[in-house]
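**Student:** As you go down the protein sequences, you meet chains A and B in turn. Sequential numbering of the first sequence, starting at 1132, is according to this note's numbering. Sequential numbering of the second sequence, starting at -4, is according to this note's numbering.
No incorrect hints appear here.
Below 16 Å or equal to it, Euclidean Cα-Cα: the simulated EDC-like pairs (lysine to aspartate or glutamate) are:
hint : chain 1 : residue 1 : chain 2 : residue 2
1    : B       : LYS80     : A       : GLU1443
2    : B       : LYS72     : B       : ASP29
3    : A       : LYS1444   : B       : GLU83
4    : B       : LYS80     : A       : GLU1275
5    : B       : LYS72     : B       : ASP38
6    : B       : LYS25     : B       : ASP7
7    : A       : LYS1268   : B       : GLU83
8    : B       : LYS76     : A       : GLU1443
Sample of chain B residues facing chain A (criterion: CB under 7 Å; computed from the structure):
hint : residue
9    : SER68
10   : ILE71
11   : LYS72
12   : ALA75
13   : TRP102
14   : THR105
15   : SER106
So the derived label-pair ranges between C-beta atoms look like this:
hint : chain 1 : residue 1 : chain 2 : residue 2 : range
16   : A       : GLN1453   : B       : GLU88     : 29 to 37 Å
17   : A       : GLY1461   : B       : GLU121    : 53 to 61 Å
18   : B       : GLU55     : A       : THR1315   : 56 to 64 Å
19   : A       : GLU1409   : B       : GLU88     : 53 to 61 Å
20   : B       : ASP29     : A       : THR1315   : 35 to 43 Å
21   : B       : ARG93     : A       : LYS1442   : 24 to 32 Å
22   : A       : ASP1412   : B       : ARG93     : 29 to 37 Å
23   : B       : LYS119    : A       : LYS1402   : 47 to 55 Å
24   : A       : LEU1447   : B       : LYS61     : 34 to 42 Å
25   : A       : PHE1472   : B       : ALA87     : 46 to 54 Å
26   : B       : PHE65     : A       : ARG1390   : 49 to 57 Å
27   : A       : ILE1322   : B       : LYS61     : 49 to 57 Å
28   : A       : LYS1456   : B       : GLU55     : 41 to 49 Å
29   : B       : ASP32     : A       : VAL1421   : 22 to 30 Å
These are computed hints drawn from the structure, not numbers from a lab. Predicted, not measured: the structure shown is a model, and the values here were computed from it. From the three backbone atoms N, C-alpha and C, an ideal C-beta is built for every residue, glycine too.
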Amino acid sequence: MNQTFLRYGIIFLLLCILSIILITAAAGSTGAALPPAGLEIFVFTGGFLLVLLPQRKIQKKNTTFLRRLTDDLAQRDTRIAELTAKLEESDAANVNASLRFPGTGELESRLNRVEAMVRAVVPGEALTGFSFDDLLKSNEFISENTKKGFDISDNLSGSAKAAFEISEKVQNGIQTITGALSDTLQFSEVIYKQSGQISDVIEILNDISAKINLLSINASIVSARAGQHGKTFEVVAREIRRLADQTNSSLSSIEEEIRGIQRVIGELVEKIRSAAAETSDEKAALISVVGTLRGITLGVEVFRAVSKLAKEKASLQYELIQSTKDYLSGLRRRTDTLESFHADMEREIGEMHDTLALMGNPRAGTTEEKNGNTNPA
Amino acid sequence: MNRLNIENIHEDRMVVEVLDDNSNITVKFKGDIDMEDPGLVLDPFFTTLHAKLLEHKVKEVNTDFKELNFLNSSGIKAVAKWIMKLTELTEAERYSIRIQYNRDITWQVTSLPTLNFLVPGVVKVE
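Could you build the full structure based on these sequences and the hints that come with them?
**Tutor:** Encoded structure:
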């Protein structure tokens, strides 16, 4: 349409220019006055009509087209209105059906899962890969063994005390034996000396006795031969008798010494006998001490076995506690992350409720309205 | 042969017999346990004994040390290890151990009662 309009317009302008040129040329060659205004009107009107007629046809054509277009637009508008109405209904339904409930439900479901996860990471509840019962059981085992260790050590203490008492008794017995042996040695030396003195005395006495006998015999013989003159020998005879008396006295001393020796020997025998008895008793005690010490050694070995087991369990418990510590550190980090996520989810759900309220869903409201914090009016 | 089907031990001067009179199981130790490492013999013996006692659900076993003249440290350690196996069992699974000793042998008087403390109430030293 625009090309046709342009073409007629150009023709119209060319005709106008041609008319002006012709009129000007005619007026110049003839020297006459300009043509009357009717001619110009004719030319311009003819040119105008010449241009306008095709334009009118185009205008009609355009008008038809516009009318069709208008009708079509009207139909489309009606249809759009109908679709808009349907769309509004559909939107509301969709909001209710697909946005409001499933969306919030999903978020609430996620929120519940998050809350469950947060609760699950609280120590002592539903911990995976670790059991506090194992820790407690191990701890209890160690406590029991520690108590056994104390009981055994008490028993060993009693045995050690008994061993000490026995060894003390042995020590006293050994001292007694040593004293007795010392006394025995002294008495033995005394006996040895006394026995030597007795031998000397006996030898002397034997000589004296022999001399006395010889003198008494000689004196008697001489005294008898001499008669009156032999009376002087009577003096000798008396001396002999005096020596005899001394001899008797010495013999009495000897007898006394012998009795003393016999007494000492008796005491010595008694002490030796006592020492022998003491030694015999302490020998049994010594054997008992050895056995007691042997038993203590075995008891200590039992204690050692228990201690070793307790030590192994304690080491295991340490590793368990260490693992628990690491695990709880990890849980703490996870808890922090989940709590942050939990807060985000709560905020997100609140925002969803607010969005639904703004969309005009009568079944939705802002978070504050739902919580009853604001007046709906 | 006893009902546990465990063979007796005759090693050096050590004798360990498992006696069964149909009512009681008795493990009798005799001689001298003075070898360098009696655990090599006693540990497998006690392991088998423990398993068999549990298998046959025996509730009490006697151990007689009255004729044992000498026991070294490794020997009593093996005995202690056997007794401590009871701690790994539940009360229902446990069997009791009666230990008989000779009061005229001083080391037995001093040492064997300590075994009573390993599993109180289950080990009885007489």
